[in-house]
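Novice: Listed here are the chains, written in short residue letters.
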Amino acid sequence: MHPAFSVIFLTTLIGVGQGLFLALFTGQFYALAKLLPAQDSQAFYAVGCVLSLGFLLAGLVASFFHLGHPERAWRAMTQWRTSWLSREVIILPITMLFIFLYGLAHFMGWNQPWFVLADGSLPVDTTLVMGMLATFATFLLFICTAMIYASLKFVQEWYNPLTVFNFIFLGGASGFTLAAAFSAYAQANMVSFYGMWAVILTLAALLTRGASLWRNRRLKHKSNLQTAIGIRHNKIQQKAQGSMGGSFNTREFFHHKPEKIVRMVYWFFLLFFFPIPIALLGASYGIESVYLPMLAFVMQYLGLMAERWYFFAEARHPQNLYYQAIA
Amino acid sequence: MDFLTDAAGIKTMTQLALIIDLNVCVGCHACVTSCKEWNTSGWAGPMTDFNPYGEDPTGTFFNRVQTFEIGEYPKTETVHFPKSCLHCEEPPCVPVCPTGASYKREKDGIVLVDYDKCIGCKYCSWACPYGAREIDEKQKVMKKCTLCVDRIYDESLAKNERRPACVMACPTSARLFGDIHDPDSEVSETIRESGGYQLMPEWGSKPANHYLPRRKNRITLHRDELERADNPLKKEGILPEPPSDQKTLDETTSW
Numbered sequence: 001m002h003p004a005f006s007v008i009f010l011t012t013l014i015g016v017g018q019g020l021f022l023a024l025f026t027g028q029f030y031a032l033a034k035l036l037p038a039q040d041s042q043a044f045y046a047v048g049c050v051l052s053l054g055f056l057l058a059g060l061v062a063s064f065f066h067l068g069h070p071e072r073a074w075r076a077m078t079q080w081r082t083s084w085l086s087r088e089v090i091i092l093p094i095t096m097l098f099i100f101l102y103g104l105a106h107f108m109g110w111n112q113p114w115f116v117l118a119d120g121s122l123p124v125d126t127t128l129v130m131g132m133l134a135t136f137a138t139f140l141l142f143i144c145t146a147m148i149y150a151s152l153k154f155v156q157e158w159y160n161p162l163t164v165f166n167f168i169f170l171g172g173a174s175g176f177t178l179a180a181a182f183s184a185y186a187q188a189n190m191v192s193f194y195g196m197w198a199v200i201l202t203l204a205a206l207l208t209r210g211a212s213l214w215r216n217r218r219l220k221h222k223s224n225l226q227t228a229i230g231i232r233h234n235k236i237q238q239k240a241q242g243s244m245g246g247s248f249n250t251r252e253f254f255h256h257k258p259e260k261i262v263r264m265v266y267w268f269f270l271l272f273f274f275p276i277p278i279a280l281l282g283a284s285y286g287i288e289s290v291y292l293p294m295l296a297f298v299m300q301y302l303g304l305m306a307e308r309w310y311f312f313a314e315a316r317h318p319q320n321l322y323y324q325a326i327a
Numbered sequence: 001m002d003f004l005t006d007a008a009g010i011k012t013m014t015q016l017a018l019i020i021d022l023n024v025c026v027g028c029h030a031c032v033t034s035c036k037e038w039n040t041s042g043w044a045g046p047m048t049d050f051n052p053y054g055e056d057p058t059g060t061f062f063n064r065v066q067t068f069e070i071g072e073y074p075k076t077e078t079v080h081f082p083k084s085c086l087h088c089e090e091p092p093c094v095p096v097c098p099t100g101a102s103y104k105r106e107k108d109g110i111v112l113v114d115y116d117k118c119i120g121c122k123y124c125s126w127a128c129p130y131g132a133r134e135i136d137e138k139q140k141v142m143k144k145c146t147l148c149v150d151r152i153y154d155e156s157l158a159k160n161e162r163r164p165a166c167v168m169a170c171p172t173s174a175r176l177f178g179d180i181h182d183p184d185s186e187v188s189e190t191i192r193e194s195g196g197y198q199l200m201p202e203w204g205s206k207p208a209n210h211y212l213p214r215r216k217n218r219i220t221l222h223r224d225e226l227e228r229a230d231n232p233l234k235k236e237g238i239l240p241e242p243p244s245d246q247k248t249l250d251e252t253t254s255w
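Those sequence lines, one after another, are chains R and U. Each residue of the first sequence is one higher than the one before, counting from 1 in the working numbering. Each residue of the second sequence is one higher than the one before, counting from 1 in the working numbering.
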């Protein structure tokens with residue numbers, strides 16, 4: 001498949017935004033359980049939500065560049081019964097709304113508990129309710145985004161539950177790394193907490209992405225030239241594809257990059273998403289520096305973009321069987 | 001979708017389709033140009049071209065003829081393969097459309113795109129294993145074969161012209177058009193009797209369009225079939241011709 005930059009930015013940016021929100025809310029949960037010091041509502045949670053919303057908004061803007069008619073984008077909300085893309089279009093603004101309300105509740109200091117659970121130890125206030133709703137929406141968004149790809153059964157590289165786990169863990173890991181960078185910047189003393197979770201999520205992503213890479217390498221494609229044109233012969237060669245200068249089919253479904261570049265992107269993403277951020281986050285345990293977690297996030301985001309590029313490049317669409325020779 | 005079904009549970013609605021005979025197609029591209037000519041100026045147009053006479057010509061087509069070489073020299077065979085939307089009975093491109101612009105008509109099974117609803121997200125093209133959909137780079141909406149829906153019901157045309165432009169244009173009659181749900185239609189009979197098959201059956205999309213395979217007519221003759229055993233001349237002792245290992249009269253004399 002052709003890796004379109006609009007889609008690469010959309011999926012990676014909203015992944016970071018979702019992950020960052022999950023990190024913020026996880027921090028609040030730990031603070032609630034008195035495992036971590038409580039953070040300042042305005043300076044930490046509200047600003048963190050603005051950052052998260054910034055990433056989600058940037059992703060949303062990027063997605064419009066993928067459309068031929070962005071002015072009709074609202075129509076994409078209508079087919080939620082059957083289309084994962086439609087579901088994503090609905091859940092993305094809902095997620096943003098709940099994250100916004102979560103940040104707003106922190107900003108306005110709406111800390112008055114609605115009711116109290118667990119013998120007075122768990123006061124449920126607006127931030128907690130909005131945080132729960134936003135968490136739910138965030139996970140739905142991860143699932144919808146991934147299912148856009150994972151539901152295409154004949155793109156066999158994608159048609160697997162691993163795709164969903166990859167989107168959750170890759171997005172989550174980058175978001176938690178950003179949270180570590182953000183708390184270092186905000187001097188919130190949460191760097192090691194977020195750093196630890198970022199490393200755990202990065203390792204989880206390594207497990208699932210590694211599994212999907214392994215699976216894709218030994219994948220047997222169901223379609224071949226014989227089934228594509230229905231002629232039983234072991235040796236079939238395309239001589240003409242019905243156009244001389246290429247077509248939509250040759251542009252949309254091929255990455256048109258030499259194998260060398262693809263291998264380079266492959267190693268780049270493996271290096272920049274997994275070991276480098278882990279090493280930088282690990283180093284920030286010992287060396288107290290604002291810049292180490294920030295650098296870790298920048299490296300990991302570059303790695304994430306490369307991962308998404310490779311995700312498209314490695315997918316082989318069966319229509320390509322019909323477009324092997326221009327002549 | 002709610003289809004009418006008969007007692008055996010078989011869908012009884014109309015499903016219009018093309019049957020393409022690979023044994024007859026000569027790869028002349030008349031169907032391609034005729035399709036483009038009719039549709040670019042009609043209901044489904046325009047089908048924009050870029051650089052039509054330049055270095056990298058490209059544009060929107062609903063129908064393309066591809067060419068494949070089967071086998072290895074000298075035992076090769078050239079197959080011309082016309083390729084357009086197959087109007088699947090279970091079209092994978094339709095449910096993925098986020099706006100409902102892609103739809104399958106219940107009336108006749110034609111899969112169409114509503115250009116006014118299409119947002120040009122290209123997701124339907126990803127969901128088509130055949131690569132039958134092409135985005136129009138000028139109008140920025142997804143386009144595809146309509147089975148000439150603006151011809152086949154046009155009562156201002158003569159009855160034999162109410163057929164898709166590609167079918168009308170084919171000089172070898174390699175393309176048939178009809179209802180494959182009607183068991184007695186010409187297309188249904190042809191599919192049954194001439195080995196009509198579907199492309200990539202492995203995805204369960206049930207393409208309505210069928211292809212007819214290359215076929216060679218051969219007859220196997222045995223030696224005893226060449227010599228008539230019960231020839232009455234033999235009974236009368238007059239041999240009609242000498243046995244095959246002897247010279248004939250023509251070979252022995254110059255008359």
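Careful, some of the hints might be misleading.
Said to hold, decoys possible - When the alpha-carbon atoms are kept at most 27 Å apart in a straight line, the in silico DSSO-like pairs for lysine-lysine are as follows:
hint, chain 1, residue 1, chain 2, residue 2
1, R, K220, U, K206
2, R, K257, U, K140
3, U, K75, R, K239
4, U, K216, R, K239
5, U, K159, U, K107
6, U, K117, R, K222
7, U, K75, R, K235
8, U, K206, R, K153
9, U, K117, R, K153
10, R, K257, R, K153
11, U, K247, U, K216
12, R, K257, U, K75
13, R, K220, R, K153
14, R, K222, R, K235
15, U, K140, R, K235
16, U, K107, U, K117
Claimed, not checked - What follows is a set of in silico ranges between Cβ atoms, one per label pair, in the way DEER data are often shown:
hint, chain 1, residue 1, chain 2, residue 2, range
17, R, K260, U, G54, 29 to 37 Å
18, R, K220, U, N23, 40 to 48 Å
19, U, D114, R, K260, 22 to 30 Å
20, U, G54, R, Q226, 35 to 43 Å
21, U, N160, R, K260, 51 to 59 Å
22, U, R192, R, P93, 32 to 40 Å
23, U, D182, R, K222, 51 to 59 Å
No lab work stands behind these hints, which were simulated from the structure alone. Beta carbons are placed, not taken as given, at the ideal position from N, Cα and C, and that holds for glycine.
Novice: Check whether the Cα positions of U/K107 and U/K117 lie no farther apart than 27 Å.
Specialist: It holds: about 21 Å lies between the C-alpha atoms, which stays within 27 Å.
Novice: Taking 27 Å as the top limit, are the C-alpha atoms of R/K257 and R/K153 close enough?
Specialist: Holds, at roughly 25 Å.
Novice: Is it true that the C-beta distance of U/D114 to R/K260 lies inside 22 to 30 Å, as the hint says?
Specialist: Once the Cβ atoms are compared, 43 Å apart, the range 22 to 30 Å for R/K260 and U/D114 is violated.
Novice: Given the hint that U/K140 pairs with R/K235, does the C-alpha gap stay at or below 27 Å?
Specialist: violated (38 Å)
Novice: With a cut-off of 27 Å on the C-alpha distance, tell me whether R/K222 and R/K235 pass.
Specialist: holds (17 Å)
Novice: Is it true that the CA of U/K75 sits at most 27 Å from the CA of R/K239?
Specialist: OK: U/K75 and R/K239 at ~16 Å, within 27 Å.
Novice: With a cut-off of 27 Å on the C-alpha distance, tell me whether U/K75 and R/K235 pass.
Specialist: Distance of about 11 Å is within 27 Å: holds.
Novice: Can you tell me whether the CB distance of U/N160 to R/K260 sits inside 51 to 59 Å?
Specialist: holds (57 Å)
Novice: Could one say that the CB atoms of R/K260 and U/G54 fall in the range 29 to 37 Å?
Specialist: holds (30 Å)
Novice: Given the hinted pair U/K206 and R/K153, is their Cα-Cα distance within 27 Å?
Specialist: holds (15 Å)
Novice: Need the status of pair U/K159, U/K107: alpha-carbon distance at most 27 Å?
Specialist: holds (20 Å)
Novice: Please work out if U/K117 and R/K153 have their alpha carbons no farther apart than 27 Å.
Specialist: holds (26 Å)
Of the numbered hints listed earlier, those contradicted by the structure are 6, 11, 12, 15, 18, 19, 22, 23.
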